[in-house]
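*Asks:* Okay, here's what each chain looks like letter by letter:
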Amino acid sequence: MIRLTDVGKEYPRSGVALANVSFQVRKGEFVFLTGPSGSGKSTILRLLYMDDNPTAGEVWINGVSSKTATRSEITRLRRRIGIVFQDFRLLEDRSAEANIRFALEVTGAQKATIRSKVTRVLTHVGLASKATNFPRELSGGEQQRVAIARALVNDPFVLIADEPTGNLDERATRGVFQLLRDINASGTAVIMATHDLDLVRRSNYRTIELNHGRVVFDSAESPASARPMDEPLEIPDTPTSSADAI
Amino acid sequence: MRSAHEALTASRRAPLLSALGVITIAFSLFAFGLFGLVAINIRKALEQVEERVEVRAFLSDSADIEGVAAAMKDVGEFPEVQRVDYVTKEAALERARKEMGEFADVFEAGVLPASIEVHLRPGMRSPATVKSVADRIKTYSFVDDVRYGEEWVEKLYRLRNISTVAGLTLGVAFAAVAVIIIGATIRMTVLARAKEISIMRLVGATDMFIRMPFLIDGLVKGVLGGLLALLLVWITNRIVNEYFMETIFFDREMMFVGVIGGAMMGVLGSLVSVGRHLRRV
Numbered sequence: 000m001i002r003l004t005d006v007g008k009e010y011p012r013s014g015v016a017l018a019n020v021s022f023q024v025r026k027g028e029f030v031f032l033t034g035p036s037g038s039g040k041s042t043i044l045r046l047l048y049m050d051d052n053p054t055a056g057e058v059w060i061n062g063v064s065s066k067t068a069t070r071s072e073i074t075r076l077r078r079r080i081g082i083v084f085q086d087f088r089l090l091e092d093r094s095a096e097a098n099i100r101f102a103l104e105v106t107g108a109q110k111a112t113i114r115s116k117v118t119r120v121l122t123h124v125g126l127a128s129k130a131t132n133f134p135r136e137l138s139g140g141e142q143q144r145v146a147i148a149r150a151l152v153n154d155p156f157v158l159i160a161d162e163p164t165g166n167l168d169e170r171a172t173r174g175v176f177q178l179l180r181d182i183n184a185s186g187t188a189v190i191m192a193t194h195d196l197d198l199v200r201r202s203n204y205r206t207i208e209l210n211h212g213r214v215v216f217d218s219a220e221s222p223a224s225a226r227p228m229d230e231p232l233e234i235p236d237t238p239t240s241s242a243d244a245i
Numbered sequence: 000m001r002s003a004h005e006a007l008t009a010s011r012r013a014p015l016l017s018a019l020g021v022i023t024i025a026f027s028l029f030a031f032g033l034f035g036l037v038a039i040n041i042r043k044a045l046e047q048v049e050e051r052v053e054v055r056a057f058l059s060d061s062a063d064i065e066g067v068a069a070a071m072k073d074v075g076e077f078p079e080v081q082r083v084d085y086v087t088k089e090a091a092l093e094r095a096r097k098e099m100g101e102f103a104d105v106f107e108a109g110v111l112p113a114s115i116e117v118h119l120r121p122g123m124r125s126p127a128t129v130k131s132v133a134d135r136i137k138t139y140s141f142v143d144d145v146r147y148g149e150e151w152v153e154k155l156y157r158l159r160n161i162s163t164v165a166g167l168t169l170g171v172a173f174a175a176v177a178v179i180i181i182g183a184t185i186r187m188t189v190l191a192r193a194k195e196i197s198i199m200r201l202v203g204a205t206d207m208f209i210r211m212p213f214l215i216d217g218l219v220k221g222v223l224g225g226l227l228a229l230l231l232v233w234i235t236n237r238i239v240n241e242y243f244m245e246t247i248f249f250d251r252e253m254m255f256v257g258v259i260g261g262a263m264m265g266v267l268g269s270l271v272s273v274g275r276h277l278r279r280v
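Read top to bottom, the protein sequences are chains A and B.
Following numbering that gives the first Met the number 0, the residues of the first sequence are numbered contiguously, the last one being 245.
Following numbering that gives the first Met the number 0, the residues of the second sequence are numbered contiguously, the last one being 280.
Since the hints were made in silico from the structure, they are not lab data.
Note that the coordinates shown come from a computational prediction; the quantities given were computed from them, not determined experimentally.
Be aware that a few hints might be false.
To be verified - Chain A regions said to be covered by chain B (calculated; three or more residues, Cβ under 8 Å):
{"no.": "1", "region": "82 to 92"}
{"no.": "2", "region": "97 to 111"}
Claimed, not checked - Now the in silico label distances, taken between C-beta atoms and shown as ranges:
{"no.": "3", "chain 1": "B", "residue 1": "L7", "chain 2": "A", "residue 2": "R119", "range": "49 to 55 Å"}
{"no.": "4", "chain 1": "A", "residue 1": "R119", "chain 2": "B", "residue 2": "L15", "range": "33 to 39 Å"}
{"no.": "5", "chain 1": "A", "residue 1": "F156", "chain 2": "B", "residue 2": "V280", "range": "19 to 25 Å"}
The C-beta atom is built at its ideal place from N, Cα and C for all residues, glycine as well.
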């Protein structure tokens, strides 16, 4: 479903952001992308929703290749991907309901189906009673739920979440994470970039760890016991020595 | 339908920016319109002077009336000629006395010769054409002399050419300034909605879907700006007419073209601004 093969990304000013990144994500899988700031998590996510192109290697997602994707293919692909950001990216001048409706309208959805779909996802994220509230009238956790509802409304095959709990307190974090688990349980793959090691430790999902733009650990390729959950996830600078340690 | 609704909603959400957009478009078109008004009035004034370009053939006393009538018919059929008038000796004297005022008594009956006055068609009043008509008229045996104010016609023609070139250059410059200002105004609208556009792209909106509301917005602002500019030019024209001098105003076709021009500038400005933005998101 999703495959990255020897993906590299280099920016003219800041240099290498990713180098030789390869992994696959299967249908319905939940994957954490972890690593320190600047390790390349967000870059990988941007490559997944084709907001940027790799400078080396290839990204395949749902049959679309980064090497050949046209603008209209990317547009169609994004209708099948849900994207959630740390800063929610809601339109401040519209209600929760209108923010979600917007994502359906851009796909040319029938008016008759829009209302029922919006109500369904708002109920799913537990915000049916706040449909008419504007983002400023909602808490951070609630705003992120609206963003998740917007990402879900087109029934995506994968939900890409870039630090979705980064701006939330612990309670809201738990709620949003549980929502992502529920979404995954209903069959949607979730790829979540996070700093929050507690979340990673508390769950048994696959973890891909990045450092300096390289994959330094992938739990799918190592036995689960190889990294005890109480061991810090900080990785030494040299990837090879870290691999040896694992 | 959705795009129109979206454009209207966007304007309602940012009324100040929309009003500013319309006013900016109106003022840049107002400047262009004022220039246009000056240009058509200069042209009109030149045309009025040009209407006086004529070839006058003075006839010898021995000219027989039938020969002159036949020649007048011939000349009247020249493609350049609009009208041929016969001026008798008496009429020439009458006219000269009227023009000379207090020196009217200088002229005695029979001093001035009879003549034929050849009026040329509009667009056929260049020095070369006038000279060619005069040369042909000269060939008639009963024509003593032909006058057409050679130097004056040449000066007038040069003035007309200068005013045409200056008019076109200034017109293009004014239009370019209007397009740039309108483009910048619409760019402000695009930037104000940059977040919305990036979210649209992320949730899978097509470029056309994103572009349409901006095109409609540009069209509406262009039309409103054009109408407002027309009103301002009309008021200015009224004031000039009232206090300074008599001027002509645009005819209905010109007004229509002006407003359509505003609309086109609005649409083009939107197309360019949104297009540039979309290439980056």
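*Asks:* What are the numbers of the hints that this structure violates, sorted from low to high?
*Replies:* 3
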